[in-house]
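Asker: Read off the chains here:
There are 2 protein chains.
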Amino acid sequence: MRRIFFVLVAVVALAGMVADMAPASGQSDEEAAPIFGIKIPPGYRDWSLISVAHEAGDLNDLRAVLGNDIAIKAYRDGTLPFPDGAIIARLAWRYVPSEENNKIFGQDQSFVAGAPTNVQFMVKDSKKYAATGGWGFAQFKDGEPDDAAMLDSCFGCHAPVEARDFVFTRYAH
Amino acid sequence: MRRIFFVLVAVVALAGMVADMAPASGQSDEEAAPIFGIKIPPGYRDWSLISVAHEAGDLNDLRAVLGNDIAIKAYRDGTLPFPDGAIIARLAWRYVPSEENNKIFGQDQSFVAGAPTNVQFMVKDSKKYAATGGWGFAQFKDGEPDDAAMLDSCFGCHAPVEARDFVFTRYAH
Chain B
1 MRRIFFVLVA VVALAGMVAD MAPASGQSDE EAAPIFGIKI PPGYRDWSLI SVAHEAGDLN
61 DLRAVLGNDI AIKAYRDGTL PFPDGAIIAR LAWRYVPSEE NNKIFGQDQS FVAGAPTNVQ
121 FMVKDSKKYA ATGGWGFAQF KDGEPDDAAM LDSCFGCHAP VEARDFVFTR YAH
Chain X
1 MRRIFFVLVA VVALAGMVAD MAPASGQSDE EAAPIFGIKI PPGYRDWSLI SVAHEAGDLN
61 DLRAVLGNDI AIKAYRDGTL PFPDGAIIAR LAWRYVPSEE NNKIFGQDQS FVAGAPTNVQ
121 FMVKDSKKYA ATGGWGFAQF KDGEPDDAAM LDSCFGCHAP VEARDFVFTR YAH
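Quick note, the sequences are listed as chains B and X, same order.
Under this note's numbering, the first residue of the first sequence is numbered 1, with each subsequent residue one higher.
Under this note's numbering, the first residue of the second sequence is numbered 1, with each subsequent residue one higher.
Take every hint as true, because none was put in to throw you off.
Since the list gives no way to pick out one identical chain from another, each pair is judged satisfied if it fits inside one copy or across any two copies.
Keeping only pairs whose Cα atoms sit at most 30 Å apart, straight-line, the calculated DSSO-like set for lysine-lysine is:
| hint | residue 1 | residue 2 |
| --- | --- | --- |
| 1 | K103 | K141 |
| 2 | K103 | K73 |
| 3 | K141 | K73 |
| 4 | K73 | K127 |
| 5 | K39 | K73 |
| 6 | K39 | K141 |
| 7 | K128 | K141 |
No lab work stands behind these hints, which were simulated from the structure alone.
All values derive from a computational prediction rather than experimental measurement.
Just chain B, with the same shape it has in the complex (with noise of 0.2 Å):
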């Protein structure tokens, strides 16, 4: 257990010494969203799961709802309100059935992830969004930020669920 303690520092040594070099993506070179001035988070898409969803209707996607290291903590602890640095990136895909599960299942049953809709983020700093419940929000298509009038709506729509300081999703067990 004491060496691979140790080849597991070493590795992350190394991994940091390669994100040292590389350009911090994401961070930099990329837009912000408006009103709330919020990037794409570097490294979000290997976040851990907090929950999936499937919304019908007229957005009829599959989505997944991922969260940094502090929102997942806060999640297990049911820490509320989410500390500040906390934050939920929800992912969605196109709705779309499988031809190729269904063949193997013998019916119709089956819907993957299709193509990506878009990506948004809820990001948490009690002081720079005091107005909006402590979180900035975020959209952003195909790496391109949403206009600031779709941002508008995002907090009166997150408010029936103050209680669990504005996050509709909870932890899937």
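Model the placement of chain X on the given structure of chain B, informed by the hints.
Answerer: Showing chain X alone in chain B's frame:
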């Protein structure tokens, strides 16, 4: 940046020590699944997301497919067959309408993750599991492994996707 790097190493070192002291949950005490002898891999709930899906019909679930670092790297690099050590986890929950969300949307359209159903793992070991395409299969419900009869059908069902190394799920970009 240099300071952040050393803090990172220190934090990981601390995490390593804590991990050293903690019991190796999922590796020693829990029961292994039959045939392939697979135990629940520690930390799998925090693995990165590969994709999401909805199975209707009798399964009636929402599911998330996660991968360990080896599996995720293989997906992103397009490496086939998956290298030894790759593990793919399929989590699933009951497909449940969300009255709370439907109220916000003003129509019945929202389905979320309910109670967990079961968790499946595919573990790549080209020597150990040579007879089944290099993959070992396991299914756990409430932490208990499913019986051999269920696992007997896994490989046959995955055979149609031999060209993708017997893995159905595609990476959701």
